[in-house]
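Visitor: Can you build the whole structure from these sequences, using the hints too?
Protein sequences appear in the order of chains A and B.
According to the working numbering, the first sequence is numbered sequentially starting from 1.
According to the working numbering, the second sequence is numbered sequentially starting from 1001.
Calculated directly from the structure, the hints in this document are not laboratory data.
From a predicted model like this one, the values you see are computed outputs, not experimental measurements.
Among the clues, some could well be false.
Not everything, but these chain B residues come out facing chain A in the computed CB check (under 10 angstroms) [what the hints assert, rightly or not]: (1) Leu1087; (2) Cys1094; (3) Ile1106; (4) Ser1135; (5) Pro1159; (6) Ser1185; (7) Arg1190.
Ideal Cβ placement from N, Cα and C applies to all residues, glycine included.
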Amino acid sequence: MSKGDTGSVETTPRVYGAGHKLIGKNYVTADLYAKVTGQAKYAEDFHAEGMLFCKLLLSPLPHARVKHLDVRQALAMPGVKAILTADELPPPADTLTDNGTVIRANPKSERALTMEPLYQGEPILAVAAVDEFTAAEAIEKIRIEFEPLPFAIDPLDTLRPGGPNPRTDGNIWVQSPTPPAVVGAPPPAPPPPTIGALKWTEAEFADAKYGRLPMGKTPDEWSFGDIEAGFKDAALVLDETFVTPDTSHQPLETRSALAYWQNGKVYVHTGTQSTAQTVPAIARWLNIDVSKVVLVSEYTGGGFGSKVTAGVSLIIPALLSKKANAPVMMRISREEETFIGRARPSLLGRMKVGFSKDGRIIALDMFVISNNGPYDANGDVPTSGRIVSLLYQPVAMRWRGVTMLTNTPPRSAQSAPGGLQGIVIMEPIIAKAARKLGLDQVAIRRVNCPEGKAPFGPEVKGKRPYATSAFLREALDRGAEQFKWSERVARTPKRIGTKVRGVGVSLSCYVGGTVGFDGLLVIKPDGRVNFQSGIGNLGTESVIDVHRAGAEVLGVPWEKCDVTWGDSSKNLPFTCVSGGSQTTHAMTRAAYATAMDARQKLKEIAAKKLGGKPENYDVANERVFRKGGGAGMTLAQAAKYAIQLGGIYDGHEVSADLNRRTKASAVALAGQGLLAAAKDNYPRDGVTFSYIASFSEVEVDVETGKYNIVDFLAYADVGSVIHPRSLGGQVLGRSILGIGHAIGQKWVYDPHYGAMLSTRFYQSKPPTILDVPVDMQWAALDIPDPETPVGARGVGEPPVGGGCASILNALSDALGDEIFQRAPVNADTILTSLEAGRPMQHPLMAHI
Amino acid sequence: MSDIEDPKTIECPPNTLTRRDLIKRVIVGGVAVSSASYLFRASTLLRQSAPGTGERLLTINVNGQQRRADVMKQETLAWTLRHKLGLTGTKLGCDRAECGSCTVLIDGVPHYSCSVLTHTVRDRKVLTIEGLASSDGTLHPVQQGVIDEQGFQCAFCMPGFIMAAVAFLKTNPNPTRSELAQGLSGNLCRCQDYDKILTAMMRGAENMRGASRV
Ligand code: FES
Ligand code: FES
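Guide: Printed below as a string of structure tokens:
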């Protein structure tokens, strides 16, 4: 049944979660009523008595040194309470990880404020005043003089011989070796990376003249197999350059924050992708103990990677609040969000690919350069190679890459970081190869796609790492069937009047989960089960969904379950960050382990009270009872006994392998009922990935260059389905995030001033409801991953690359291969290229 | 513009620039970084309003109640609702008429409250997300549609979408999905949950038709 009025994809409503009561079933999440009535409080919705407002002074220059600063006139204004400058920031602290290793603070990493701005829009100082008008006017009264410094906004510019360096001492990060271990002493921490300079020769740049990505020396490289032999045997060799866009995350809620101090503790309200993990991040940035930080973050207005631990800017109101001795609200404007709110780095890619005549990739030579911004290196460059190696299973592959620093806003992981870029560089080449070899687009992907324990990346200690599982071929086949791929391909004519139709398919994958986190729950004496959730609530609903797996194991109806989330003072366990599609996998494992711990404790309590051995008992229907009938008790009774018994049963003693934060939370909750807390220690053979097959059809008007996406389907291989509606929201939502990269989002710069021109929504427009089909489709295989007890893998990242690449492939199906070699593809790209018969955009320049 | 130097060619130690000079120069080039971007369109307004002055007591009808607030003459309705009347359900996603998060109904018509001055709504009826459910807590059929379909992800855009849908469905109670999409196209969802939003709003339309039959 089709839900739309124009959609032409038939869908049979899938039934998920066969054999389960809760897993795979739809339900109403506990946060929805507050959202729908406007009661849900996001950071900017809080108000504290005597609250001041803060405004930031942003650098107008892409790289400069503040030579002179005079704030006297501003400070003298009535209503101005405090001004915070970079010299008042606490020194960055080292990080002590949970396994006891030290990560040295990098003095050259990003700080909340700076006297040497490294990008236009970088915050220099902050003013707190009684209202925003006063704060903004005070900013205007500050006298500040800059010494402009050389800058680079284009990664190729800084690589050229004699090209400008984005930082005074260079353009790349260099990792020096870790000092040798000393016997008897703890293993030494690796030193923080330093900055070095990388320049290529004129000869190495020669290819750029012909629109091909130059390939000079790179610090990083790996390979497996014999690519030269592969190219020799290949029936077709393609060598293509492709450039992906820089795209801001643009969460609808900007990174506003409210902070105040009470009894030596700092209270921070902000949006974040992890309640549990943001606390230590704040403590580190403020250089205070974690016990002195309370984070309130019940609702977060989107993150997509940009709010992984909320972001360093949130310490500005915290420090200003301390200085002014009053609560401080820092509202971040849309433009400020563009500067400090993170973005996905553009990747310039070049791929030489050798295909056998049946389309199998026998050799792949991949080269990528990223536009990283001025601070810490993002993982997009190395990740792009690993994802490509998994998704297309090349017989032999070499990967080379370099992360270039530039004077553009700092990047961070954005949904499928590196994965989107790798897939988007690769997919148009596969589409082209299929056309050249006379192969069907689904067929060429079938012969290359990963299956089972598919290997990826280079050898590590003599063996290539591999995935836990992959059923992507099945998703591709089922998707092709549901999308009626063959019918669409066969349909003629492709052109009617000025409208040309094209169909595209893309594979996609990304990491789908981590392991080793903790769960925590209490069965209360009234028989209700309370799950403690340290997951951030950014809309994916994993904050609540994962606990359904625990409730299922315990045999408790969902109506009897409560979930506590969103406030670090409410005793939350050690939890993964909701980024990189970790959560569903990692936290269903932890929820499962915790529920199993509760089951074991219930059985032990029953055996103690009713006789027999724990293994004689079973747990179901809110009872623990003797197998085969006989004595038993309700969970409510067992919870009361747990409190009487104390010790391990009510949380006074907990397992030694728990994280110290989980232990502290358990101690605080002890005595309230039967307390279960467990670490996910389940074995896992392989690295967890999730996969998507994406299909789209576009209709291009060759007279105007405008195109519409007519239909879209994403078929997901994400393990067991936990909550179909929230899964569907992720599959299609992240697909559209990817589609934005195909149809319009990018940064545009004034290269003369190094100033960004695309600071607002309308200048780098995310897809609107009219940009996507009114009736989009998704489905999931619902095949459990064999390496995790609940079978569920993560989903956020994989749809992104497929969303973007399937649109690009549909466009080239409609228009041919000579239209674009970078994304996004806009109407003007299409028109000018159609006219010229070749791609007309500058092939390599950044930010066009 | 020969007086503008290419910063790339400047040798160290170069001439120094004040921020004002620079902004002036860069404005010539078409861009500026302004700390006041969340506040005003024009800095002349800024200079006219001495801090803390110029507030006037206004009475406005919000969600069926007469509410009084001290309002500056350049104050937007979104600001009054959120900061003076405690109605924080109306969100600010851009503050510049680009995203629709701040959509409220003024005399039944959807408006971006970030771009409406409060003093212009004195004689008009304002409805926000907080005023949509009936006083006994029964949700509006469109709100119920969201619950029924688990519409939206982070929901920061949700109040705006719901208000836009409520107004649109009054004029077109039985829309197709594409008609409804047109009706909601002034609202941006950055979680891009459009498909589920549309399904939830269609369910809301169905609920509304059901309710009006009773
Ligand atoms: S906040 Fe008013 S339209 Fe975006
Ligand atoms: S649900 Fe997050 S912006 Fe719409």
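Visitor: If a hint holds in the structure, say so; if it doesn't, say that too.
Guide: Okay, the hints, checked on the actual structure:
{"no.": "1", "hint": "Leu1087", "result": "holds, 7 angstroms"}
{"no.": "2", "hint": "Cys1094", "result": "holds, 4 angstroms"}
{"no.": "3", "hint": "Ile1106", "result": "violated, 17 angstroms"}
{"no.": "4", "hint": "Ser1135", "result": "violated, 13 angstroms"}
{"no.": "5", "hint": "Pro1159", "result": "holds, 5 angstroms"}
{"no.": "6", "hint": "Ser1185", "result": "holds, 5 angstroms"}
{"no.": "7", "hint": "Arg1190", "result": "holds, 4 angstroms"}
Comparing the model with each earlier hint shows violations of hints 3, 4; every other hint is respected.
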